[in-house]
Structure formats: structure tokens, C-alpha cells
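Now for the letters of each chain:
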Amino acid sequence: MIVELMVFLGAAVLLLSGALLSAHQHAQQRRVHSERTLALTACRNTFERLRSLDVATIAALDGTGFDVPGIDGQPNGLTPTAGDADGLPGMIRVERYRTAASGTVYLVTTAVRWAGATRGGRFDMQCLIGSRR
Amino acid sequence: MNSQRGFSLIEVMVVMSIMIPILGFVLSGTRSVNLAVVKDDAIAASLESLQRSVTRLAHIIRPGSLGQYRMVALDEDVTTGLASSAGEWIEPRNGVRRESIQFRATDGRLSMNAVNLSAPRVIRFLLDPSEIDNGVDDDRDGLIDEGRIMMQYDGVEVALVRNVEQCSFELNDRLLTIRIRSAARAREGRIQRFSIEEVIHLRNN
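From first to last, the protein sequence lines are chains P and C. Residue 747 in this note's numbering sits at position 92 of the first sequence, and the numbers go up by one each step. Residue 19 in this note's numbering sits at position 12 of the second sequence, and the numbers go up by one each step.
Just so you know, these hints were derived from the structure itself, not from any lab.
Just so you have them, the derived chain C footprint on chain P, three or more residues with Cβ under 8 Å:
1) 665-675
2) 680-688
3) 699-708
4) 718-732
Across the chosen pairs, the derived CB separations fall in these ranges:
5) GLN781/P - LEU133/C: 37 to 45 Å
6) ASP727/P - ARG63/C: 15 to 23 Å
7) ASP144/C - GLY718/P: 44 to 52 Å
8) ALA755/P - ASP144/C: 56 to 64 Å
Here a beta-carbon is modelled for each residue, glycine too, at the ideal position from N, C-alpha and C.
Okay, chain P solo, but in the shape it has when bound (with noise of 0.2 Å):
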């Protein structure tokens, strides 16, 4: 009767924990999903600040970082990771892509980690900037 019994609760609390489990992973699942947004957002509008400047002044950005504004609008919305120089969380990385007689080309990468929901998140974007003809 007493092993009937244990097996019996034994299995309510392993379908009580799977559910809380799944719960758990689900919330877990939209804060990821919701630091990623904000990431992206911040990306494309360091992107943006970066098309109204002087390409020539591009270069000198490599190594930059930017903060990412959290759901409220307000400054530091994402952590950054631990040991994280500035304290920033986005980078800004120029590489030279390509130089022709009308102007070089630069490859712009805005990054963002942080330490998040998970054990940490990264999100990268990339594009080619040069001068406008």
C-alpha cells in the first residue's frame, strides 16, 4: 500500500514540476525574444546615426560601443557581459572592404552581448557603407 502510494505521489510531483518546468521555459523563451528585439533595434539605429556621418570619419568608430535602450525607452535596457570594457554592451567593428579610385568601402558590423535570460545573448548585424555618389 505504501509503495502503491509513493509511486502514486511520485508521479504528481514529476507532472506538477514538468509544468512548472514548461512554464518557466516559456516566459524564459519571450524575455529572450524580447532582448533580442531591443538588440536589433538598437543595431539598426546605430546604423542609422552612422549613414549621416562623414564616411570618411567611419573608421575611426571601430571599437565604439553604444548602449541599447530597454522596453521603457530608457538607457542600459540590456546587461552587459561580465569583464565588458566600457560597460556597453553594443561594439561598433569597421573593417576596410574594399578601396577603388572612387572612395573605400567599409564593412560595418554593429554587435550586441549581454547577458540575459539565457546563459547570454549575442546579436550581430552587418553592412556596407561608402561614400553616396
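Given chain P, work out where chain C should sit, using these hints.
Chain C only, in chain P's frame:
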């Protein structure tokens, strides 16, 4: 002789008395988790919808001509002599936020550098009829001073975004920043507010 026997009434009663509180706990927990998931999903859907709307708004404004960009004049502009009356379309000033703008854009049939521009298009924030601009939730739906973002073009006016609490357009040189704030009802009836900022580089002169 059959060694198997059924449960006695006492055994069943003991098991039931243990299981009923556990089942009650499970059902209660499941119900609250379900409720939370439904409300969180509603917030996520509202946020996603707002993001789509802002992206759409950005696509509409992106081909706009910087030289034709205008912002709506307020009373303060009349006072400072920048406008003759409130509501007039005036030249934009760097760093000044306004709820309504007017612009002309390439019409989409020609290239982005086309000389031909559309007729003036207006994007404006329109307060809902049940709301007054007083910082109070007049219609008691949880949103404060909410309204719609409307677009006027070719004699037609359409609503682009609804349930918007705040909307502003700010020009800095060639960069136009669109800020929109909305809200949705979260857990336990509280209102979760969220803001979206989209930056557009206006490339046409």
C-alpha cells in the same frame, strides 16, 4: 486462493486526504501560471504590434525630402515669431520634438533620388474623442491621453497606429527620431508601458 485484494475504505480515504490538497495546489498553480502567460502574451503582442507599426511609419517617412520637411507650429512659436499662427507648418529646428509633421516624398515609381515629389503628406497625433490632454485616464481604460497616429495623403486620412500615449518626431540635421509610447494591461491589472525609438536618416534633399 487469490492473494490480490482491493483497497479498503480507510486506505482510499487516506490517499484521498493526501491527494486532494496536492491536486488543489497543482490546479491553483496551473491557473495562476495560465493567467500570467495569457497576460504576458497580450503585452508581448501589443509590443510587437507597436514595433511593426513604427517600422511601417519609418518606411513611409524614409523617402521624405529633408528640404520639404516641416513641423507643426505651437503657441510658443507664435510668441517667438517663428510662426504667425499655431498649427502652421514651419521649418524644423534641431532637437525640437513635435507631434505632427509634414513632408513630401518620392512617390515610389522613380528612384530615391528622383526630383519629382509627392504632394504634401501629414503625419499627426490625434487624441481619442474620449480623452482630454490633461495627463489623466479620462476613459478609464488604463491608457493616459491616448490617441492615434494619422496620415493624410491625397485627400485621404488613415490611422497608422492606435493606442498611442505619446508620439514625437525630432529632427537633428538629417536624423529623424520617432518616439512612440504605448501600454498594455499586465499581471494583476497594472499597466505596462513601453516606448519605441526609431531613427531614420533622411537622404533626400
